[in-house]
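Take 557 as the starting number for the sequence shown in this note's numbering and just add one per residue.
Please note that a few of the clues may not be correct.
[As the list claims (entries may be wrong)] Label pairs and their in silico Cβ distance ranges:
no., residue 1, residue 2, range
1, T723, L621, 22 to 32 angstroms
2, V588, N670, 16 to 26 angstroms
3, L766, P617, 33 to 43 angstroms
4, T683, R730, 17 to 27 angstroms
5, G712, R757, 16 to 26 angstroms
6, A740, A708, 12 to 22 angstroms
7, L659, A764, 16 to 26 angstroms
8, R680, P623, 49 to 59 angstroms
9, L766, L620, 36 to 46 angstroms
10, Y666, R600, 12 to 22 angstroms
11, T674, T723, 49 to 59 angstroms
None of these hints come from the bench; they were simulated from the model.
Using N, Cα and C, we set each Cβ at its ideal position, and we do this for glycine too.
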Amino acid sequence: MTGNTTDGSDDLPEDPVLRRVLSDSAYDRVRVERFSHFTQPVPRKLLVQSLLVGALALSLPLYLLYPASAASYLPTVDPGAASPIVLVVGLFALALELGTAALLLGVVVYRARNEPLTERAAERLFTTETFATYVGFGTGGLATLVTVGLLALGLGGESLLTSYVETASTGPFRQSDLGVSVRAFATAAAVGAVGVALAQRYTESLLADL
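Work the whole structure out from these sequences, hints included.
In C-alpha cells form, the structure reads like this:
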C-alpha cells in the first residue's frame with residue numbers, strides 16, 4: 557500500500573515567488589516584498605559583472621588591432637607605453653564594477669554567517685544589494701560601454717578618428733597623465749574578471765548551503 561509522503565518538501569508550493577514569501581528566511585521575504593528592477597540572485601549578478609569587467613580587458617587586443625593609419629592619433633603604438641585619456645573612463649568603470657562586486661559578495665557572506673536574520677538586518681542587506689546592483693549595472697555598465705566603444709573607434713582608422721575629432725573637438729587617444737598603460741589596464745581588468753568569476757562560484761556554494 558502506497559502512502560503519502562510526509563516530509564516538509566511536499567508542503568512547499570511550486571511557485572518560487574510564493575516559496576520565498578512563505579520562507580523562514582527574512583531576507584527571501586524582503587526580496588519579494590521590496591521593489592527592484594533587478595531581481596536576479598547575487599551569483600547571476602556577479603556573472604554579469606565578470607563579463608563587464610572582462611569586456612574592459614578587450615582594450616589590449618583592440619589597441620593591437622588598430623590599423624597603421626590610426627597611428628597619428630595615438631600617443632604611441634606601443635600598448636605598454638600608451639596611456640590614452642579614454643582610460644580615465646575605463647578605470648572609473650573598473651573601480652565601480654570591482655567595488656560593487658565586493659559589496660554583493662559581502663551581502664552573501666554576511667547572510668551565510670548570520671542566518672537567521674532579523675527583519676531589520678535583512679532590509680539593510682537588501683538595500684546594500686540593490687545599491688550595488690544599480691551602480692554596477694547602471695553607472696558601471698554605461699562607463700564600460702563608453703570605454704569599449706571609444707576604444708573601438710581606433711579600428712576605423714584615420715578616417716573615422718578624424719570624423720570623431722571634428723565632431724567632439726577632442727580625441728579619446730591623446731596621452732594622459734594617468735601613468736597607467738593600456739597593457740597594465742587590460743591586465744588588471746583580466747585579473748579582476750577572474751576574481752569576480754571566482755566570487756560568483758563562491759556565492760553559489762554559500763547559498764546552496766542555506
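Please write out, lowest number first, the hints stated earlier that are contradicted by the structure.
4 and 5
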